[in-house]
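Here the protein sequences line up with chains A and B, keeping their order.
The opening position of the first sequence corresponds to residue 2 in our numbering, with each subsequent residue numbered one higher.
The opening position of the second sequence corresponds to residue 4 in our numbering, with each subsequent residue numbered one higher.
You can take every hint at face value.
To give an idea of the interface, some chain A residues facing chain B are shown, with a C-beta separation under 7 Å as derived from the structure: (1) Y51; (2) G52; (3) H148; (4) P149; (5) L198; (6) N251.
Stretch by stretch, here's where chain A covers chain B in the computed footprint (C-beta under 8 Å, at least three residues): (7) 24-32; (8) 91-103; (9) 183-190; (10) 201-214; (11) 264-273; (12) 277-289.
If you're looking for bench data, these hints aren't it; they were derived computationally from the structure.
The C-beta atom is built at its ideal place from N, Cα and C for all residues, glycine as well.
Each chain is listed here by its residues.
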Amino acid sequence: MKTNLFFSLFCVLSQLCFSQTSLEKVTVSSHTLTMGLGFFEYNNSNTIPYGMNGSSFNFRYRLYKHNLKTGHDFRYDVYFDYSGLGNPYIIDKDLVLFNYFGFNTGAGWMRPIINGIEGLGVNVGFGVNIDGEYILPTEEANALIGHPINFGKWLVSSPCLIRINYSLKSFSLTNSFQLPLIGFGYFPEYQYSPSRLDEHYYSYFMKPNTIAYLGNYRLIDNEFDVSYPLGKTTVNLSYAFTTCNYIVNNNSQHYLQHSIGLGVTF
Amino acid sequence: MRKFVCSVFLVISIMSCNNDIIDKDISHLNIFQAFWDVMDERYVFFEEKNLNWDSIYTVWQPKFASIHTDIEAVTAFDSLLTIIGDTHVSITTRDGIGIDYFWDNRSNDLLFGKIYANYNFSNIRQYSNINLAQVTKSIAYMRILSNLSNASGALINIEDYNFSDGLIVDLRDCNGGYETGYGICDLFFSGSQTICYEQYRNSPSHNLFTELQPITIKGLGVVGSKIPIVVLINNNTHSMGNSIAFIIKDLTSGIVIGERSGGGGGAVKSVFLPAGWGLTYTYLRIYNQSKFTMEDGLKPDVEVLRSQEFWLDIHQKTGEDPQLAKALELLEKNAVMR
Chain A
2 MKTNLFFSLF CVLSQLCFSQ TSLEKVTVSS HTLTMGLGFF EYNNSNTIPY
52 GMNGSSFNFR YRLYKHNLKT GHDFRYDVYF DYSGLGNPYI IDKDLVLFNY
102 FGFNTGAGWM RPIINGIEGL GVNVGFGVNI DGEYILPTEE ANALIGHPIN
152 FGKWLVSSPC LIRINYSLKS FSLTNSFQLP LIGFGYFPEY QYSPSRLDEH
202 YYSYFMKPNT IAYLGNYRLI DNEFDVSYPL GKTTVNLSYA FTTCNYIVNN
252 NSQHYLQHSI GLGVTF
Chain B
4 MRKFVCSVFL VISIMSCNND IIDKDISHLN IFQAFWDVMD ERYVFFEEKN
54 LNWDSIYTVW QPKFASIHTD IEAVTAFDSL LTIIGDTHVS ITTRDGIGID
104 YFWDNRSNDL LFGKIYANYN FSNIRQYSNI NLAQVTKSIA YMRILSNLSN
154 ASGALINIED YNFSDGLIVD LRDCNGGYET GYGICDLFFS GSQTICYEQY
204 RNSPSHNLFT ELQPITIKGL GVVGSKIPIV VLINNNTHSM GNSIAFIIKD
254 LTSGIVIGER SGGGGGAVKS VFLPAGWGLT YTYLRIYNQS KFTMEDGLKP
304 DVEVLRSQEF WLDIHQKTGE DPQLAKALEL LEKNAVMR
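Let's have the full structure, built from the sequences with the hints guiding it.
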């Protein structure tokens, strides 16, 4: 009982970003919108084997519901990401040769774990995510090398979630970490792709063909943010990085993204 | 708890440190190494070209190790591509210089404008990468140009032409296009038909391939089976043009006239190598209906050969076209006999 009370109080204090906190309510919700700018380095053995880099732009919407009685959290995320990839060694280094599109949405449930440190909250849990990515060569890439091709995948996965929160006067420091543990989805086969003349061309990519797990697929998504209340809203400054490393169907993909974001919570 | 939090941050920090996503070695030796690796893992015609890929590495790796300028590297790659002998394999430098086996070995372009005028073509219509014309009262002409894509007989009004005594399909100088260009073959049959097969490597091992994958399309049957068809090909009929020639020959009782086609029985994709260079290579093999490789080109039923001098001189001046003349002669003779 004491433990539950302690965590309920702790979470109320630490989650300064929660809006309209009311002790009469069992749950409090917060909505956070973040726009990010960053740097992206990418390769995959099939279409960009020696790597490219470029600027990235992303947008994230996150909903948090916090249960004051149990201290449990519910999280829902939608994330879009665009990167223009260029080759640092061609004559025009600013030319975008591939457009990278990323999408991720998912829900997660977390419960608090006892840590005994005042002001520090640690929540751990699991979720369900759907993510996809698509890499499309530009006309400029066509003009330079002839026949660059597209590449993409999608995955439904169950990530483990860790959220660490620390309150420092009016500031709230939060680190959100997720790592998919197992999932299924479509990953490109080694060389095969159905003919565009095939009537089942599009449905082929809808069918899952791979079980992904930590042994063959590692995606780490981590975001650290500092929140400060400003009037009725809370402003967030965040640093996020995502790294992905997999070898599936003898194709490898590897990328790293660093991003700085500015967001508001209401 | 402190240990737990520290461990999480340590794992995150380690994962965020990574320097090997972009290959930063811009030496010519590394470009060669990347070329060799991509071909080793992805190229499909080692057996057909009798290539001992390991011995190519042994011979060429030391040569590239001693190269210091792009010009030397271009010369070396030019020689190497000649050994490989695949018209689909090419390399581009970071300055956009193309190193190519196909363009080194092709014939001179035909002057189609002069041909159309010289043989009194009428009602000439130009669709996207397809030309239609009436040659005689009852013989029509269809020319398929390079870079044809998303094609279908439904997109052209060939019904407006009279081809009761024959249709000439001109694939000369059609040196490539897209797989969706095969769709134009729907003119020649009804119902669903397997027009060719494709085969892919399914692992980094040179000799492991997928089963043959049938490419099946629905026909429109616009050109009936009793219509005499002549297909014109030359050395520049390559890749998609080469495949369409094979497909029409398989689907119809058409006669192929001209010179052996340039081959290219595969599809390509391109990747950037280190230092901004590019490589285009064949990543799948195409087979005809009889599961025969298209890589070596199609031998015509009726060979009509002329010297380079003829095409460079007389043809350029007059538009004279002995291959088209032969097609007309055969179709008109056939019309009289019918």
